[in-house]
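Enquirer: As a plain string of letters, each chain reads:
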Amino acid sequence: MTNLLWTMFHVLVFPGVLFCVVIGVLLAGLDRKLVARMQNRVGPPLLQPWYDFLKCCGKETIIPRHARRSLFLAAPVLGFAALITVALFVPVLSCSTYSTSADLVVILYLLTVVGVSMIVGAAASGSPFAGVGLSREMVAMISYELPFVLVILAVGRMAGATTPLGVTFSLQAIVDWQAANGSMLFHWSMIPAALAMLFVIPCEIGMHPFDIAEAETEICEGTLAEYSGPPAGLFRLTHCVKMYIMCALFCAMFLGGISTGYAALDALVVVVLSVVITFVTMSVPHAVCARFKVEQVFKFYWTVVAGLALISLILVWLGL
Amino acid sequence: MFQKMIDKSMAKSPWIFHVNAGSCNGCDIELVSVLTPRYDAERLGFRLTGTPRQADIVVVSGPITSQTRDRLVRTLAQVPEPKVVVSLGSCPRSGNVFKGSYCVDGPLEKYTHVDVSVGGCTPKPEAIVAALAKAAEILAEKRKEMRQA
Amino acid sequence: MIFTNYLVCFFLVVLGIYCMVSQKNLFKIAVGMGLVDYGVNLLIVSVGFHDGGTAPIFNISELTRSSFFVDPIPQALTLTSIVIGACTTAMTLCLIIMLYKQYGTLQSDEIRRLRG
Amino acid sequence: MIPYLTKALGNLFRAPATEKFPKGEPPKAAPGYRGRIIYHPETCVNCGMCMRVCAPQCMERTIEPLPNGDQKITLTFDMTSCTFCSMCADFCARKSIELSDDYMIVGTQPEDFLVSGTFIKKAPPPKMTPEQIAELKAKAEAAKAAKAAAEKANG
Amino acid sequence: MYDFMYHFPVLAIMVLFLGAFIASLVGRRNAVIRNAVVLIAMVTSLVLILSLVKPILLEGQTITYWLSNWEPVGDWAIGISLEVDALSLFFALIVVVAVFVSGVYSFFYMDRDDSLVNYYTLFSMLSGSVLGLVLSGDLFNMFVMIEIMTFTAVALTAFRNTYEGALEGAFKYLVVGSLGSTSVLIGIALIYSQMHTLNLAQLAAMLPGYDSPVTIIAFAFLFVGFGSKAFLFPFHPLAADAHAVAPASISLMISGVLTKCGVYGIIRLAYTVYQNVDVNVMNALKSVCNPMNANFVQYFITGVGVVTMFICVTMAFNQHNFKRLLAFHSISQVGYVITVIGLGSALGLSAGLFHAMNHTIFKGLLFLTAGAVQHATGSLDLDELGGLSKKMPGTCALFLIGAASISGLPPFNGFASKWMIYQAAFQKAGETGNFFFVVVCVAALITSVLTLASFIKVAQSVFFGQLNPKFAKTREVSLGMRIPMWILAILCVVTGLFPDKVQQWLLAPATSAAMNAAGYIDAAMGQGYAASFSIPSFQPQSIFLSGAWQPVMWLLLLVSVTLAVCIVALLGSDDKAPAISETNTDTPADPKYESFFSGEASVYSQVGGSDLFWGFKHNWRHYFSFMHNWHSGVVNDYTLYGAAAIAVALVLCVIFL
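First to last, the protein sequences are chains A, B, C, D and E.
Here numbering that gives the first Met the number 0 is used: position 156 in the first sequence is 155, and no number is missing along the way.
Here numbering that gives the first Met the number 0 is used: position 85 in the second sequence is 84, and no number is missing along the way.
Here numbering that gives the first Met the number 0 is used: position 111 in the third sequence is 110, and no number is missing along the way.
Here numbering that gives the first Met the number 0 is used: position 113 in the fourth sequence is 112, and no number is missing along the way.
Here numbering that gives the first Met the number 0 is used: position 44 in the fifth sequence is 43, and no number is missing along the way.
One or more hints might be untrue.
[Stated by the list, open to error] Cross-link-like lysine-lysine pairs, in silico, DSSO-like; alpha carbons within 30 Å at most:
no., chain 1, residue 1, chain 2, residue 2
1, A, K298, D, K6
2, A, K32, B, K98
3, E, K53, A, K292
4, D, K138, B, K11
5, D, K151, A, K32
6, E, K591, B, K11
7, D, K138, B, K143
8, B, K143, B, K109
9, B, K143, E, K591
10, B, K11, D, K22
11, D, K22, B, K141
12, D, K138, D, K151
13, D, K27, A, K32
14, B, K133, D, K6
Don't read these hints as lab results, they were simulated from the structure.
Remember, it's a predicted structure, so these values are computed and weren't measured experimentally.
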């Protein structure tokens with residue numbers, strides 16, 4: 000009985016819904032504020048994403064005639080649930096609740112489930128704008144998948160070179176390895192992989208320069224064209240929480256070594272680190288460059304970013 | 000308690016959907032300039048959305064020409080319930096200099112109840128910000144009425 | 000092992016494959032398939048012959064003057080393979096007839112609706 | 000790419016260039032800004048030039064005859080159909096229309112946009128009846144005769 | 000108990016052939032009897048094989064059945080034998096289940112066709128021959144079964160000969176298929192010339208130590224022959240043409256079962272008969288004689304697998320026909336299986352077998368949904384279909400389960416086997432330190448994303464979006480068609496949730512049986528036979544994984560998180576707020592529920608088919624146009640590719656082995 004309670008606690012509070020939502024909302028709010036400040040304007044209050052979510056909850060949900068009711072309403076919940084499950088697996092620096100029950104490949108596929116839930120939601124809404132949005136979301140997914148996979152293999156190989164198997168995908172093993180001999184970022188051969196991962200984060204979340212799927216100016220909010228009320232709010236919340244998850248994943252994979260005494264302080268360190276990562280990877284590109292065209296995103300990721308990741312994979316492979 | 004938070008947050012994050020019912024683009028430019036650093040409507044939580052489905056405030060600009068009339072009516076119907084209609088500039092309210100022409104189909108009042116309107120042939124951005132702020136309050140009240148009803 | 004048999008088999012198979020690849024007329028392709036089949040059947044039969052060989056069921060002790068003969072098993076295999084060759088040719092011809100009825104031509108260049 | 004980057008990062012440490020408007024009071028408009036119309040009814044003579052010259056016909060005039068022949072004229076300007084071209088102000092001989100620099104023309108009810116003014120226009124003196132004309136004529140001749148006599152007297 | 004089971008393998012095969020014979024006799028006049036006969040044949044073979052599971056899979060016995068009792072005389076195999084060990088039973092299970100499901104499906108699917116007698120005769124002959132191939136222990140017997148299988152498959156592909164392109168697809172399949180079978184025959188002839196026996200067990204004993212170029216050439220021929228049956232790289236256009244035109248239940252049989260026979264042939268060839276894939280077997284044999292170079296065989300098989308996998312997925316990307324797209328995907332999944340089998344490690348083989356089983360299940364499900372769509376609407380063109388999920392909700396749900404499991408989304412079985420595949424590929428890379436296997440692992444991951452992309456394209460252009468007015472009056476297919484689909488769907492989910500149970504009961508015995516050549520030989524030829532030929536006895540390799548994956552735990556988390564989210568959502572909206580407004584059909588003209596068209600009245604504008612994924616296709620347009628021309632559709636070209644494949648395989652084998 001106790002571990003059921005403990006599970007509920009984990010799911011609902013610490014690495015689960017409450018923690019992720021709070022940190023996610025703060026990160027998103029901070030991101031919008033920083034972008035505004037970089038454009039020399041005041042920018043919304045810090046809790047703006049929370050107000051957006053609450054306002055969406057207050058609105059009425061319209062289900063269009065061509066939409067499939069059950070799938071239309073289930074898609075956001077499925078996406079959010081899969082995302083929180085990823086949150087449970089990502090170790091917060093040293094301690095993690097369930098990181099033994101899954102590894103990087105599972106996390107990769109759970110993030111695909113989150114993307115697919117948005118795509119299924121768009122398909123179920125039956126609007127042509129959503130159709131175009133869904134095809135762009137898929138192209139974005141294909142484009143960031145190659146570098147993301149190369150980074151995972153590089154990290155797996157680096158952390159697992161000594162294990163009998165020659166490779167490890169389990170995040171716990173990666174974090175322990177970093178605790179033993181210095182976090183991954185300080186090994187020079189891993190720096191291209193870290194850079195590639197920093198590039199992957201905005202495309203995975205769909206932040207401004209790469210948000211070809213929800214380009215409100217081009218295809219009227221793309222995948223969310225038909226969503227109003229609580230489902231739309233939940234999709235936006237998933238968007239914010241995903242920011243936190245990706246930063247936490249980056250910290251776990253590349254900055255795992257640093258760990259203070261106990262969990263609470265670790266969580267704080269992760270939050271600070273993810274603020275820095277958000278600023279570097281999402282706010283600056285958002286303020287500085289315009290939105291990419293669809294095939295530019297694909298070409299950019301499969302040549303530049305994949306090349307970076309490949310360099311570090313080869314370096315790690317040669318045992319450096 | 001949660002409902003009160005929602006009502007408060009309605010006023011804090013109203014999203015705008017701009018319908019151009021045949022306007023001469025003077026008011027459209029002014030509306031977009033509201034989001035620039037100088038006037039920065041985003042401080043109050045405003046955000047321009049692409050679809051009426053996610054809109055709270057519908058800003059209509061231009062005399063309702065016969066071509067845009069059906070599209071306007073259809074778009075206004077597609078906005079989810081607690082919605083506020085703002086008429087931008089003098090054209091929607093009265094048709095300005097185009098009043099009485101064969102292709103202008105009368106003031107906006109004929110199609111929906113206009114909550115807030117901004118006078119001025121291209122009103123100043125501050126006027127638009129003031130109007131939007133008032134519209135946000137009306138939105139919160141509408142949500143409260145809807146909840147009580 | 001008669002070396003000429005293997006040479007003939009080799010040529011038969013190669014010619015058959017060349018015919019299947021180069022000829023545009025469907026009948027000629029069927030002929031090519033037949034050629035390949037005969038080449039292989041000849042190969043299997045000629046595999047059985049060893050000068051001084053015998054069927055695998057006799058062991059050394061019972062060898063008598065009359066027990067020297069060609070290994071019967073490949074011949075059994077060839078029989079089945081000939082039957083199979085016949086069925087293949089029969090089915091090819093049926094398909095060609097119906098294709099002609101439907102497409103009105105025997106050139107394999109025209110019969111290419113499924114592509115890409 | 001890089002110049003924007005330096006500009007953006009520089010902005011981070013500068014104060015944002017946003018007005019405090021909804022918090023503070025609205026900034027003043029530029030001098031000579033054509034804003035809301037101010038109507039001085041007392042100088043108006045109801046000549047109708049402004050209505051004739053206004054493109055969007057935003058004026059409305061209602062005239063009520065008073066018992067003593069005067070007219071109570073109210074002139075209302077509809078701000079929502081006015082284009083603020085100030086033609087009416089230029090053509091008004093009496094300078095009774097003036098465009099102020101108040102640009103905050105925001106309202107929810109239609110009345111917020113109506114600027115109106117009423118004045119009473121004296122009726123012209125009543126038309127003279129034939130007897131009054133004859134009487135006046137007689138008075139005029141008498142005055143002329145008296146003046147002729149006076150000239151003769153001091154001749 | 001043992002001797003009672005002894006006759007089951009041959010009985011299972013004979014029942015199906017007998018069913019074919021009786022059905023053709025009796026079925027001409029009366030349809031019910033014909034269906035009954037076929038059904039009885041299928042059910043009995045299913046029961047027979049299932050009853051064999053306990054002794055063979057769980058207790059690890061091996062049944063060797065010498066036809067007409069020709070026991071080996073003086074340790075020399077004379078007669079034809081059926082040898083059923085865990086590996087062949089594993090494949091037999093897949094075959095029998097697929098046959099049963101597709102048989103039940105075709106009772107309802109083929110109701111609009113005529114001359115069904117021929118259909119059912121050919122169908123049960125096909126299933127009988129496939130079962131025969133999987134259980135047989137004699138090489139020539141396998142060849143005969145391959146021939147019957149090819150004939151019946153060709154005839155069934157051309158069954159609906161009025162269908163546009165059916166005859167053409169069947170003809171191409173026959174011509175190039177016969178080329179493949181001939182290369183198997185040549186291989187058998189060459190082996191017989193050296194070994195003078197065709198019994199698999201005896202060959203397995205004598206071949207590894209035998210050092211002569213002829214057996215190497217025979218290996219090349221046999222590999223290409225079985226590869227052509229599994230539609231590997233140069234033979235894949237055949238499958239695309241055959242599937243696109245065959246009835247759905249037959250395309251299930253072809254893609255689910257025929258390809259598995261090709262895979263079974265390759266596994267038997269590489270693991271048991273030649274034993275040249277396993278590196279430690281090679282080292283063990285090194286002391287005795289110079290065995291084949293196992294590394295090359297691994298690279299060769301894995302290379303063919305990767306090329307097949309990648310080309311077929313990209314070819315599937317801009318297809319217009321639903322079934323043709325599924326065909327290309329089924330070959331790319333077979334490419335996955337072959338890639339992992341070529342690795343030679345125990346984990347690799349068990350991942351391959353697991354994926355083979357999963358592939359039959361979810362590919363069968365997808366083909367049956369394609370059949371249902373064709374049965375209901377009559378067209379399979381992705382560009383004109385659309386919005387069918389309103390009219391056919393059951394089929395749409397089934398399609399989603401199938402698509403989710405083929406693209407490897409976590410709760411389904413596709414993910415479990417793909418996860419093992421990545422583990423095996425990268426573990427092999429880690430062990431040998433060779434970068435080639437990293438490329439293999441990356442290619443596998445990218446192919447999985449491309450599979451996901453093309454199935455989202457199919458979902459959007461067939462089931463979601465707006466309904467084409469042309470198909471306005473489509474109705475859901477009959478329940479009889481949906482029950483087999485539901486069986487497959489439930490199998491999909493079950494194997495996805497309990498992969499460790501599947502691994503323990505099905506995969507471990509099958510893998511150890513495949514690797515345990517010595518056991519295979521001793522079962523057939525008597526104890527000690529393998530030792531006499533110094534075949535290394537089998538040390539079971541332990542399978543340990545470099546990551547962790549407990550699906551049940553994951554599912555528990557997902558359920559609890561969904562509960563949490565629902566609580567939050569319910570908190571938000573109370574009853575008075577208009578929670579969800581239903582589309583009331585009484586006011587059809589109410590624009591509120593029209594989808595947003597930037598104001599326009601919503602006319603029919605379906606976004607689907609070829610106008611999806613513009614960004615990706617634009618970047619790869621040169622590659623796609625080259626591939627489009629390369630698949631020219633002319634019979635001669637395909638035969639040329641086949642012949643070229645044989646030539647390349649020969650040259651490579653002779654150089655490296």
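Enquirer: Between D:K151 and A:K32, is the straight-line Cα distance small enough, at 30 Å or below?
Expert: Given pair D:K151, A:K32 is violated - Cα atoms ~103 Å apart, limit 30 Å.
Enquirer: Has the given pair, E:K53 with A:K292, been kept, meaning a C-alpha gap of at most 30 Å?
Expert: With Cα atoms ~59 Å apart, E:K53 and A:K292 exceed 30 Å; violated.
Enquirer: Holds or violated: are the alpha carbons of D:K138 and B:K11 at most 30 Å from each other?
Expert: violated, 83 Å
Enquirer: Regarding the pair D:K138 and B:K143, is the alpha-carbon distance no greater than 30 Å?
Expert: Roughly 82 Å separates the two Cα atoms, so the pair is violated.
Enquirer: Keeping to a limit of 30 Å between CA atoms, is the pair of B:K143 and E:K591 held or broken?
Expert: Holds - the C-alpha atoms of E:K591 and B:K143 are around 22 Å apart, at most 30 Å.
Enquirer: Given the hinted pair A:K32 and B:K98, is their alpha-carbon gap at most 30 Å?
Expert: Cα-Cα ~44 Å, so violated.
Enquirer: For the pair we were handed, E:K591 and B:K11, check the Cα-Cα distance against 30 Å.
Expert: Measuring from Cα to Cα gives roughly 26 Å; hence the hint holds.
Enquirer: Take a quick look at whether B:K143 and B:K109 sit within 30 Å of each other, Cα to Cα.
Expert: holds, 26 Å
Enquirer: Between D:K27 and A:K32, is the straight-line Cα distance small enough, at 30 Å or below?
Expert: holds, 28 Å
Enquirer: Could you grab the alpha-carbon distance between B:K11 and D:K22 and see if it respects the 30 Å cut-off?
Expert: holds, 15 Å
Enquirer: Can the restraint linking D:K138 and D:K151 be considered satisfied, given a maximum Cα separation of 30 Å?
Expert: The hint holds at about 20 Å.
Enquirer: Hint check: D:K22 vs B:K141, CA-CA at most 30 Å. Holds or violated?
Expert: Holds, at about 24 Å.
Of the numbered hints stated above, those contradicted by the structure are hints 2, 3, 4, 5, 7, 14, listed in ascending order.
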